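Novice: Residue strings, one per chain:
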Amino acid sequence: MSKNRRSTVNRLSAENVTLAYDQRVIAEQLSVEIPDNSFTVIVGPNACGKSTLLRALSRMLKPSTGRVLLDGQVIQSMPAKKVARTLGLLPQSSIAPDGITVGDLVGRGRYPHQGILRQWSTEDERVVQESMRQTGVAELADRYVDELSGGQRQRVWIAMALAQQTPLLLLDEPTTFLDIQHQIDVLDLCAELHEEQGRTLVAVLHDLNHAARYATHLIALRQGRVVAEGAPKDIVTAGLVEEVFGLRCQVIDDPETGTPLVVPAARKARVGAGAGAEKTVATEAS
Amino acid sequence: MKTTNRAVRTPGGLSVRLDVRALTVVLLLLVAALTASVVLIGTGDFPIPAADVLRTLFGEGNAGQEFIVNELRLPRVLVGLLVGASLGLGGALFQSISRNPLGSPDVLGLGQGATAGALTVIVLFSGSANQVAAGALVGGLVTGLAIYVLAWKRGVHGYRLVLVGIGVSAIVTAVNGYLLTKSDIVDAARAVVWMTGSLDGRDWAQVWPLLGLCAVLVPLVLCNARGLRMMEMGDDVSYALGVRVERVRLLLMVAAVLLTASATAAAGPVSFVALTAPQLARRLTRAPGPNLLASLCMGAALLVVADWLSQRAFGAEQLPVGVVTGVLGGVYLLWLLVTERKAGRI
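Sequence lines, in order, name chains R and Z. Just so you know, the first sequence maps onto residues 1 to 286 in the UniProt record's numbering. Just so you know, the second sequence maps onto residues 1 to 346 in the UniProt record's numbering.
To be clear, the hints were calculated from the coordinates, so they are not data collected in a lab. Nothing here was measured: the structure is a model prediction, and the numbers come from that model. Positions of the beta carbon are idealized from the N, C-alpha and C atoms, including for glycine. One or more hints might be untrue.
Stated by the list, open to error - For each label pair, taking beta carbons as the anchor points, the in silico distance ranges come out as:
#1 Ser93(R) / Ala174(Z): 33 to 39 Å
#2 Gly13(Z) / Glu130(R): 16 to 22 Å
#3 Val74(R) / Gly13(Z): 28 to 34 Å
Unchecked claim - Over the 10 Å line for every Cβ pair with chain Z, so calculated as not near, a few chain R residues:
#4 Asp36
#5 Gly72
#6 Pro167
#7 Thr176
#8 Phe177
#9 His210
#10 Arg222
#11 Thr237
#12 Val251
#13 Pro255
#14 Glu256
One chain only, chain Z, in its complex shape:
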C-alpha cells in the first residue's frame, strides 16, 4: 500500500488532509460496531429481530419491546460501546507515547491499579456499586500518576515507561492479592466478578458519566493528534518541528489515564482491548501514526462483539465479557511477543 492521502482544500486557504484508506476503515468499523450493537440488543431471553430493534430504537416499537430495548439492553450496549471506545483510544495513546505496542494500559498496570481501588472499596468498606466505580477511578488515576512520576526523568521515554509500568503492575497485583485474602467470602465473590470485567446490569447511570467524559476527552485528544504523530519520530525531531513535546505528552497521558480508568470503573478491567484494538486498527489502515479514530472504533466494535460472544457462544452459560476479551487478547499478546521477538524489538 502506498500513500492514500488526499488533501481537501477550500478557496479560503483552508485545507484538511484525509487518508482515504484510514477513513474507509473508520467508517467500516463504525458500521460493524453499530450492526453488532443492534444484533446484541436483539439477543437474550426474549430475542427481538433486528428490524424490530431498529424500529424500537427510532421510537416506533410496542411497549414491551420498548422496555426491553430502551431500559434493559440499550444502556448495556452503550456502556459496551463507550468502554470499548475509551479503551481503544486510551490504548492507542499509550502505545504511541511509549512507541511500543506493549506500552498499553493492560501491561502498564492501570487496570490493576483501578482494580486495587475497587477492591479497597469492596473489601474494606463494603461500598455500593457507585462507590466501587469511584474507587476504581481513583485507583486508576493514582496508578497513572505514580507511573508518570516514576518514569519521569527529563521527560518520559518509551522504554522507561513500559518498564516502570510493568514494575508498578507487579506491585499493585500483590496488593490486590493481599486485599482478596483479607476479604470475607461474599466480598471475595463480588470482587472476583468485578475483576473479570462484565457488562451485566449496566444501566443509564453508567452511560451518562462515560458519555460526558468521552465528549470532552475525544475532541481534546484529536486536536493534539498531529503533535502526537510528530512525536513518533522521537523527541528531538518533534522539538525541532515546533511541537511542545512535554506539554502534549502530559496532556495526552492524563487523557489516556482518564479514559482507561473511567472505562474500568464502568465495566471492570476488561482485559486486552486496549492492547489489541490499536494494533488491529493499524493493520487495517496500514498507516503509520497513532490511528486514533480507527483504534477508537475498533475498540468499540471489539467489545460489543466480545459481549455478544460471551452471551451466545457458550450456550446457556453466560460468561463475563472480560473472559472473552482475555482469551482472545491473550492469544494475540502471545503472537505479538513472538513477532516482536523475531523482529528483534524486545
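This is chain R alone, in the form it adopts within the complex:
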C-alpha cells in the first residue's frame, strides 16, 4: 500500500525473500524496508510470519530465495562480528547462565567489539555502565540475574543488547510474559532509545494498541504478505484490522495520545453478523 517515502536507500531491507523452515513456507516474495531512524513495529495474527521476518532480518534465518541487505551488502556474506556491531537482536529465548551477575551479563554484549587480546577496554567498561544506567538496572549490577523479577530481567537483556552499541536494534516480542505495567515500562524504554539516541528499532508486538501508540512505522502482515505499512494513524482502520486479524472492531482516538485505539466489537455483535449487529456496535460505542 503506502510506498516507502524516502528517496535514500535504507540501511536494512528484505528483497523478495522466501522464508521457509524445511519445506514449510512461511512467506514468499516478501519485500520489506525498515525506514532509518524509525521505531518500526511488525504486527499480525499468530503464525503470520512476523517473528520469522525478524529472524531473517537479523540473519538468523537464511532466505531460500531473495536477499536481506544491510548497508547495501547481503547480510549473510558479511563477517559475523561486523553485523553484530551494526544490528542487535533481543530474541525471545535467552538463557541467563547460572550464577551470573547483572553486570557480567550486560558486559557480554560487548563481545562483537572484543578480541582475544582486547578483552575488556575502558570503553567497554564505560558503555556497560551507561547501558545499565539507561535501562535503570545500574543499582542491580552486583545482583544475580536469577534473583530478578521478569520485568527487571527483560531490562537487563535490553541493557545487554544496548551494550552492543548497534545503530539498529531488533526486538522479538519484548513485552511477552510481562504484566501491563512492565510492558509499558519496556515500551517507554524503547521509545526513549528511539527518540533520544536516534536508534532504529524494529519490534514484533502482539498488542495492536501498543503498536499503534509507540510505532512510528507499522508493518501489518498476514499469511506472509505485507497488507499495509505506514504511520499508524494513516493505516490503522477498522477495515484493516478486519482484513489482517479477521476481527470486527472500531477504531477510535486514544484519549491519551490521539493514536488509533482498536476496540473489538462486542461478542453479540460479532456472532450475529449483518446490519442489525453493526447497529448494536454503534449504539454500544456511543
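Given chain R's structure and the hints, the job is docking chain Z onto it.
Specialist: Below, chain Z alone, put in the same frame as chain R:
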C-alpha cells in the same frame, strides 16, 4: 560472591580480563595436582621420600632412584595427569555445549563407544596394547560422530544431545555385552581389566601421543572459549552477538571427542572424571561460563589423587583407578540427580 573480574590493560590498547578467583582456583588445583603427583611417584613397593623424588626429577638422584622415578613411575603419573586433564576439559566442553551437567561423555556413551572399539580389537583380533588403544580411539570418534549426526537438526541442541547420547550409550553397551560373550576366558579377563580403567604399566609410549594431542587441542579450545561462553546464553543470543555458533560448536565437539577418546585409549574408560571435574571446578570458581582451565586442572588433580587412593587406601590390594573414580563419581552422580530433580531441571 560477586564479580571478581579484573582487567589488565597495556598502553597499546590491549586488554585481558582475568577472574581473580578463577585464576586462584586454577593455581591451587595445579599445585594440588603436582603435589599429589610427587607423593604418588614416591608411593610403591620402594617408597621414596618426596624430597628425593623432587631431587631425582631435577636430575640429581642416584641411579636406582632415577630408574624407578623416571622410567617406572613418572610416565604413569604423567599419563594420569594428561588423562585427567583431557577428561576434565572434554567434560567441561560437553557440559557447556549441551548446557546440562549430565551432558558429559560418561552419560553420552563416548566411554562405551571407545570400549566397543577396544573390545573389538581384543576379542576379534587379539590385538596388541597399541592396537587396542587405536581401536578405542576409533570407537570413541565413531560414537562421537554418530551422536553428532543423530542429534543434528538445524544445529545441535542441548537436551537433544543428551537424549540421543543416552540412546547411543544403551546400544553400544549392548554391543559390548555381546562382544564379551563371544570372547574366550583370557580375552574376557583382559577386556574387563581394560574396561575398568587402569594406569598400571603405562610408560613413555603412552605419554607422547597424549601430550602432543593436548598441546594442539588445549590452545585451540581456549581460543574459542569466549564464543562458548556466549553460547551458554542460547543460540539466538550468541548469533546476535556475532558468534559463528555452528562452527564453534562443531570445532569444540570434535576437540572434546578427541580429548575423551584419546584419554580412554590411554587409560581405559576411567569413569565419572569428565562428569565431576567441571562441576567441582565450577563450585570452586563460583563463576558462570565453561570454566575450562579450572576443569582441566581439576580433572588432572582428581585422577592422580584417585590413582594414589587406588594404590594405598585398600592395603596391599591394588585397585584399578577406574574403580575409585567410579565409586566417588557414582555417589556424586546420585547427588547431582537428586539436586537437579529438586531444582526441577530434570
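Novice: Now, for every hint given, state plainly whether the structure supports it.
Specialist: Going down the list of hints, with the structure as the test:
Distance hint for Ser93(R) and Ala174(Z): a CB-CB separation of about 36 Å, consistent with the stated range 33 to 39 Å. A hinted range of 16 to 22 Å holds for the C-beta pair Gly13(Z) and Glu130(R), which are about 20 Å apart. Judged by the Cβ atoms, the range 28 to 34 Å given for Val74(R) and Gly13(Z) holds: they are separated by roughly 32 Å. Remark: the non-interface label on Asp36(R) is consistent with the geometry, its nearest Cβ contact in chain Z lying 20 Å away (cut-off 10 Å).
Remark: the non-interface label on Gly72(R) is consistent with the geometry, its nearest Cβ contact in chain Z lying 19 Å away (cut-off 10 Å). Once the 10 Å rule is applied to beta carbons, Pro167(R) is consistent with being away from chain Z; the minimum gap is 15 Å. Interface exclusion of Thr176(R) from chain Z stands, the closest Cβ pair being 14 Å apart, more than 10 Å. Distance to chain Z confirms Phe177(R) as a non-interface residue, since its nearest Cβ pair spans about 16 Å, more than 10 Å.
Every C-beta of chain Z lies more than 10 Å from that of His210(R), the closest at about 23 Å, which supports listing it as non-interface. The Cβ of Arg222(R) lies farther than 10 Å from every Cβ of chain Z, with a closest approach of about 25 Å, so its non-interface assignment holds. Taking the minimum C-beta to C-beta distance to chain Z, about 35 Å, the non-interface status of Thr237(R) holds against the 10 Å cut. Under the 10 Å C-beta cut-off, the non-interface status given to Val251(R) relative to chain Z holds; the minimum distance is some 35 Å.
With a closest Cβ-Cβ approach of about 38 Å to chain Z, Pro255(R) is found to remain outside the 10 Å limit, as its non-interface label requires. Non-interface status of Glu256(R) relative to chain Z is upheld: no Cβ of that chain comes within 10 Å, the nearest being about 33 Å off.
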